[in-house]
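Line by line, the protein sequences are chains A and B. All residue numbers for the first sequence refer to my numbering, where the first residue is 1 and numbers rise by one. All residue numbers for the second sequence refer to my numbering, where the first residue is 1001 and numbers rise by one.
If you are wondering where the hints come from, they were derived from the structure by calculation, not from laboratory data. All residues carry an ideal CB built from backbone N, CA and C; glycine is no exception. One should not assume that every hint holds.
Facing chain B, a subset of chain A residues (Cβ under 8 Å, in silico) [claimed, not checked]:
1. 31
2. 45
3. 53
4. 87
5. 91
6. 99
7. 103
8. 110
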Amino acid sequence: GAGVSQSPSNKVTEKGKDVELRCDPISGHTALYWYRQSLGQGLEFLIYFQGNSAPDKSGLPSDRFSAERTGGSVSTLTIQRTQQEDSAVYLCASSLIGLAGIAYEQYFGPGTRLTVT
Amino acid sequence: AQRVTQPEKLLSVFKGAPVELKCNYSYSGSPELFWYVQYSRQRLQLLLRHISRESIKGFTADLNKGETSFHLKKPFAQEEDSAMYYCALPYSGAGSYQLTFGKGTKLSVIP
């Protein structure tokens, strides 16, 4: 079946521009995650959505970063006024959530490689 | 705060040799730990989780609470094992769930 998809696969932007990254989770997965993968930093958690609950935004590195999840499905990560240090691969994942809020396996998308020049 | 440490950025072994990828964690409580793998030009995927006690692709990992370690082992490395490996520790609480990843170890199996 279809896995998690992300678009675009690559994005090159100039410093100071805004970018939007899109994630389509696996159908039926109520939990959606964004992570950032950068050289030397590994994988960092950014934000977590679960159903209609308020998202956990504790991993967003600055107020230039925001994310939405519309209709409990597609999510958009927006970075305003991009900086060179935002260059990274942005990964989206989705999962089912079981009892007591424990997630089942997270399935990852292919990522969006963002380059800020 | 919980933390995952993978001390080796790069590990090179010869085909057929044993391989051990190290992972240490800091966590108060009874942890659940994962190993994720990312092959070249493929997406990140779950390799194994300690509660399932499975052997996947010949890899095993044992949780050692005394040493706070979850090292990944395989007795005989294969070329197709070359990949990035990430150890991960989940955090669950206050309406959130997330994975804390180590910085990863790149395994290179030399033919």
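Double-check residue 110(A) for me: the hint is only fine if its C-beta lies closer than 8 Å to a C-beta in chain B. With a closest approach of 5 Å, the residue 110(A) hint holds.
So, as I understand it, the hint says residue 45(A) touches chain B; can you test that by seeing if any CB pair is closer than 8 Å? Because about 4 Å separates residue 45(A) from the closest Cβ in chain B, which is inside the 8 Å limit, the hint holds.
With 8 Å as the cut and Cβ atoms as the points, is residue 103(A) at the interface with chain B? 5 Å, holds
Would the hint on residue 31(A) be counted as holding, given a Cβ-Cβ threshold of 8 Å to chain B? Hint holds; residue 31(A) Cβ to chain B Cβ min 7 Å, cut 8 Å.
Would the hint on residue 99(A) be counted as holding, given a Cβ-Cβ threshold of 8 Å to chain B? 11 Å, violated
Classify the hint on residue 91(A) as holds or violated, based on whether any CB of chain B lies nearer than 8 Å to its CB. Residue 91(A) check passes; min Cβ-Cβ to chain B is 7 Å, inside 8 Å.
Tell me if the interface restraint on residue 87(A) is satisfied: Cβ within less than 8 Å of some Cβ in chain B. 17 Å, violated
Is the hint on residue 53(A) kept, meaning its closest Cβ partner in chain B is under 8 Å away? 6 Å, holds
Checked against the numbered hints listed earlier, the structure breaks hints 4, 6; every other hint is satisfied.
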